[in-house]
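Work out the full structure, taking the sequences as your base and the hints as a guide.
There are 2 protein chains.
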Amino acid sequence: MEIVVQKYGGTSVGSIEKIKNVARRLIKAQQGGRGVVAVVSAMAGKTEQLIDLAHEVTDTPDMREYDVLLSTGEQASGALLAMAIKSHGCKARSFLGHQIKILTDEAFSKARIVSIEAEKLLEEMEKNSIAIVAGFQGVDEAGNITTLGRGGSDTTAVALAAVLGAGVCEIYTDVDGVYTADPNICHDARKIKKISYEEMLEMASLGSKVLHARSVEIAKKYCVPIHVRSSFSEEEGTMVAVENEEMEKYVVTSVNYNRNETKLTISNVPDIPGVAGRIFKPIAEANINIDMIIQNVGSDGNADLTFTVAQNDTKKALEILQGVARELKATSVSVDEDIAKVSIVGVGMRSHYGVAAKFFSTLAKEGINIMMISTSEIKISCVIEEKYTELAVRVLHEAFNLSLE
Amino acid sequence: MEIVVQKYGGTSVGSIEKIKNVARRLIKAQQGGRGVVAVVSAMAGKTEQLIDLAHEVTDTPDMREYDVLLSTGEQASGALLAMAIKSHGCKARSFLGHQIKILTDEAFSKARIVSIEAEKLLEEMEKNSIAIVAGFQGVDEAGNITTLGRGGSDTTAVALAAVLGAGVCEIYTDVDGVYTADPNICHDARKIKKISYEEMLEMASLGSKVLHARSVEIAKKYCVPIHVRSSFSEEEGTMVAVENEEMEKYVVTSVNYNRNETKLTISNVPDIPGVAGRIFKPIAEANINIDMIIQNVGSDGNADLTFTVAQNDTKKALEILQGVARELKATSVSVDEDIAKVSIVGVGMRSHYGVAAKFFSTLAKEGINIMMISTSEIKISCVIEEKYTELAVRVLHEAFNLSLE
Chain A
655 MEIVVQKYGG TSVGSIEKIK NVARRLIKAQ QGGRGVVAVV SAMAGKTEQL
705 IDLAHEVTDT PDMREYDVLL STGEQASGAL LAMAIKSHGC KARSFLGHQI
755 KILTDEAFSK ARIVSIEAEK LLEEMEKNSI AIVAGFQGVD EAGNITTLGR
805 GGSDTTAVAL AAVLGAGVCE IYTDVDGVYT ADPNICHDAR KIKKISYEEM
855 LEMASLGSKV LHARSVEIAK KYCVPIHVRS SFSEEEGTMV AVENEEMEKY
905 VVTSVNYNRN ETKLTISNVP DIPGVAGRIF KPIAEANINI DMIIQNVGSD
955 GNADLTFTVA QNDTKKALEI LQGVARELKA TSVSVDEDIA KVSIVGVGMR
1005 SHYGVAAKFF STLAKEGINI MMISTSEIKI SCVIEEKYTE LAVRVLHEAF
1055 NLSLE
Chain B
655 MEIVVQKYGG TSVGSIEKIK NVARRLIKAQ QGGRGVVAVV SAMAGKTEQL
705 IDLAHEVTDT PDMREYDVLL STGEQASGAL LAMAIKSHGC KARSFLGHQI
755 KILTDEAFSK ARIVSIEAEK LLEEMEKNSI AIVAGFQGVD EAGNITTLGR
805 GGSDTTAVAL AAVLGAGVCE IYTDVDGVYT ADPNICHDAR KIKKISYEEM
855 LEMASLGSKV LHARSVEIAK KYCVPIHVRS SFSEEEGTMV AVENEEMEKY
905 VVTSVNYNRN ETKLTISNVP DIPGVAGRIF KPIAEANINI DMIIQNVGSD
955 GNADLTFTVA QNDTKKALEI LQGVARELKA TSVSVDEDIA KVSIVGVGMR
1005 SHYGVAAKFF STLAKEGINI MMISTSEIKI SCVIEEKYTE LAVRVLHEAF
1055 NLSLE
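Each protein sequence line maps, in turn, to chains A and B. Number 912 in the working numbering belongs to position 258 of the first sequence; there are no gaps in the numbering. Number 727 in the working numbering belongs to position 73 of the second sequence; there are no gaps in the numbering.
If you're looking for bench data, these hints aren't it; they were derived computationally from the structure. Note that this is a predicted model, so its numbers are computed, not measured. Among these hints, one or two may not hold up.
Copies of one chain are not kept apart here, so a pair can be met inside one copy or by any two copies together.
Lysine to any residue pairs mimicking SDA-like chemistry, simulated, CA-CA at most 20 Å apart [as the list claims (entries may be wrong)]:
| # | residue 1 | residue 2 |
| --- | --- | --- |
| 1 | K672 | D713 |
| 2 | K755 | G797 |
| 3 | K1041 | Y904 |
| 4 | K755 | R679 |
| 5 | K935 | N966 |
Structure below.
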């Protein structure tokens, strides 16, 4: 049996009307005898509501119970979708994480899937019934409910597609695919037809919210093609798949930006071995991720260290840094929240020269100053003043001819 | 270990503030080393919201999925309550129906509990942790989620108390006990200190909403004392327990009423064997419960049959009756929705004469006409015009001296 896994995000099931629309799409997908598994998110806004309730109880909700609470959102939308399909006289059944044993580790609120027992889903499909799976949730060895973190339903869907050997995992969302840049900023942004796992992974970590990074990792590992598309149209979206010749036409695939980082600088610390460790160890221990780092060594043998963290970690990072600064006798600690990270991504960079030079000169021509730089084999990122974000995205998009088919 | 089971209804957990109040009560109950199990309902209004969502999808929601949907209410309130307890530095853990295998039959939306595996709750209590159980829900042999019907959390609590050998099952609600009559109608109604299971069962089926009838059946079977009390005060409420001498002081225990029934009459049907069957069989097949029945046989050998059904079954019952009337050549079918059933309950009736006579003469004195009568060993019910409901309750309450301590 040919199997397709379809995942519907929160906006796609955001109202009863939209759930009925999804039901019709699933029934259609089943025609011709395909086995259909639907993975659903909570109705749009529901998860935020539940998070607010938890924070009304306490500032630091217990994470085991937090997952019990949050997992109700997907349970409800799955049940409503099954009702909608059955009201058409078709077969459907909803499944929760524990009912098909989506086994995860015990990291509540950010658990990772270990295995899935998909037999019940296969039985369901063999009965010509649409199997609906509550996304985002699993169960640990002890039978506790766990959740997979924001965007976790994507991961549920891709993991199911891998286990079931599905031909494709379709991710339905409120945009109709992955674009060369944010269409709200860059009006001639183009929908990308095919993109490699590697590029999509870079994009997910550079600020693109279309797919959960972990879902792309799993797709890559098990070679599951992901089709990102809109639940409100029939149009083809973007295929995320193994790198192939067709994709290599473009040197750069997309321009991305992220305005949710803060730049912190600690000035005049002694430039001796072990100093960076003394600065970054307490920050790591506070579970704060550091993105970019640069170090400038002055002629006096002292150094300035600059790095970026997520904006909602700023307060905590600053407190730690001020403590470290006192110990190291650093002269000052400064914070800059008015920054943005602008990046280009493309597997074509591996075999093309001059990409970085073009990137820097394009920004220089507009008088945009580059504060920090970070590169990988397939991406270049830099930190600039926040006010230039839109301009930078537009000129880079044009410089690399991304609007052309 | 001495164990207490406490059940908190929807109004008792109706807001985060109220949930925090319940958390404090549970922590207090645990002091002195008692094992505490809390059973929670969904937050007030939540179940209605979910039912509305289901009916927005379809008029006839699939019952398996209906239970998956509805059970999320208790899951959420249980998690929130556990968070609230833990925020005080105390131990707690929430459990769902499937996690302690509250095994039920497969009658979705009105399932009956078959067995419970309570070991995990005992382990939890031995760790000095408060075990919180989502009320109203269970799981069938195949692992499907089931629910126990309206008021089902009472049943969860009493069944757990029975399995765990708890000394008492405390049912916390928005009233502070069981009253001799509705205090909103009868201002000198008195809180009953002790009442027998038999009387409470009659009251539950006569319109009292304090306890779910099934919970009283289980309490009676396993001799679990139920303490009905308010979650907003420390006052003693009403003990529901085995009939004992202390209770026999009163001949009549309470006056009850129910305004949610309709009277239907089919006139001039032939008075021959099998006619009642032909009338009531199709009504039973439509899952409509009939409460009271009377038959008047005229001198012409024809009979009038009158019976009552729940008001929300009126439309369906009327359609069926009109069909039957045509077949039986009955002269007419009439409907009366402006009726009320008024009842008195008391185990003392068994050993006292003249109770019925006093009941009838009390109503007659006020000019209240009795349309139908039904009796059991411990209750007398009659149907009267709805407009006399309050008056009838008050004069009966006075005639049987129910306000006196």
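Would you pick out the hints that fail for this structure and give their numbers low to high? Hints 3, 4 are the ones this structure does not satisfy, whereas the remaining hints hold.
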